[in-house]
Amino acid sequence: MSSQRVFQLGLRRAAAPRFRVQSAGRMMQRRWAATEHVNEQGAQDILAKQRLQRPVSPHLSIYKPQITWYASSLNRITGVMLSGGLYLFGIAYLAAPTLGWHLETPSMVAAVAAWPVWAKVTAKSVAAFPFFFHALNGIRHLTWDVGLGFKNKTVVQTGWTAVGLTMVCSAYYIFFG
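Residues in the sequence shown are numbered consecutively from 1400, following the numbering used here.
Derived from the structure by calculation, the hints contain no laboratory data.
The reader is advised that the hints may include incorrect statements.
Simulated DEER-style distance windows between Cβ atoms [said to hold, decoys possible]:
1. Gly1546 <-> Ala1513: 46 to 52 Å
2. Val1455 <-> Ile1476: 25 to 31 Å
3. Ala1512 <-> Asp1544: 40 to 46 Å
4. Ile1445 <-> His1540: 23 to 29 Å
These numbers come from a predicted model, not from an experiment.
Here a beta-carbon is modelled for each residue, glycine too, at the ideal position from N, C-alpha and C.
Go ahead and model the full structure; you've got the sequences and the hints to work with.
Below is the structure:
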């Protein structure tokens, strides 16, 4: 125990001799709490007054937007989109025989082949951008799990790299895949 702490405890004991209580060989202070019974409405009123006195925490509006925010949010959103689409297709595939749908590969290939080009490009875009962003940002997160790339400059560089590679990979898949 530091000498300053010992000094402070000694001052407290000396300043409040009437509250000292001997307990198991140690000197302890007893502090009496002033309480009063308050009904439920009174308690709610006190709580409301206390809430008005609390400082308001700064929110997102005062901070400069960063790539880490957007990448983290988009990673979660794309993960939900991809897994949700997989679940929906899985359920539809399992229910297809009962409902009379034809979701086997030859039927789906024939159906998509009949679409106009703009519909094929749109469908590929809707699938490609979330897939590649989630995959590339996932690799970024895996490197963080290993303990690499935590410097601010590296985090920003890898974030923009993931965005750039997403665009390149998606464009390649959409137009050449």
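Taking the hints in turn, this is what the structure says about them:
no.	hint	in the structure
1	Gly1546 <-> Ala1513: 46 to 52 Å	51 Å, holds
2	Val1455 <-> Ile1476: 25 to 31 Å	28 Å, holds
3	Ala1512 <-> Asp1544: 40 to 46 Å	42 Å, holds
4	Ile1445 <-> His1540: 23 to 29 Å	46 Å, violated
Comparing the model with each numbered hint stated earlier shows that hint 4 is the single one that does not hold.
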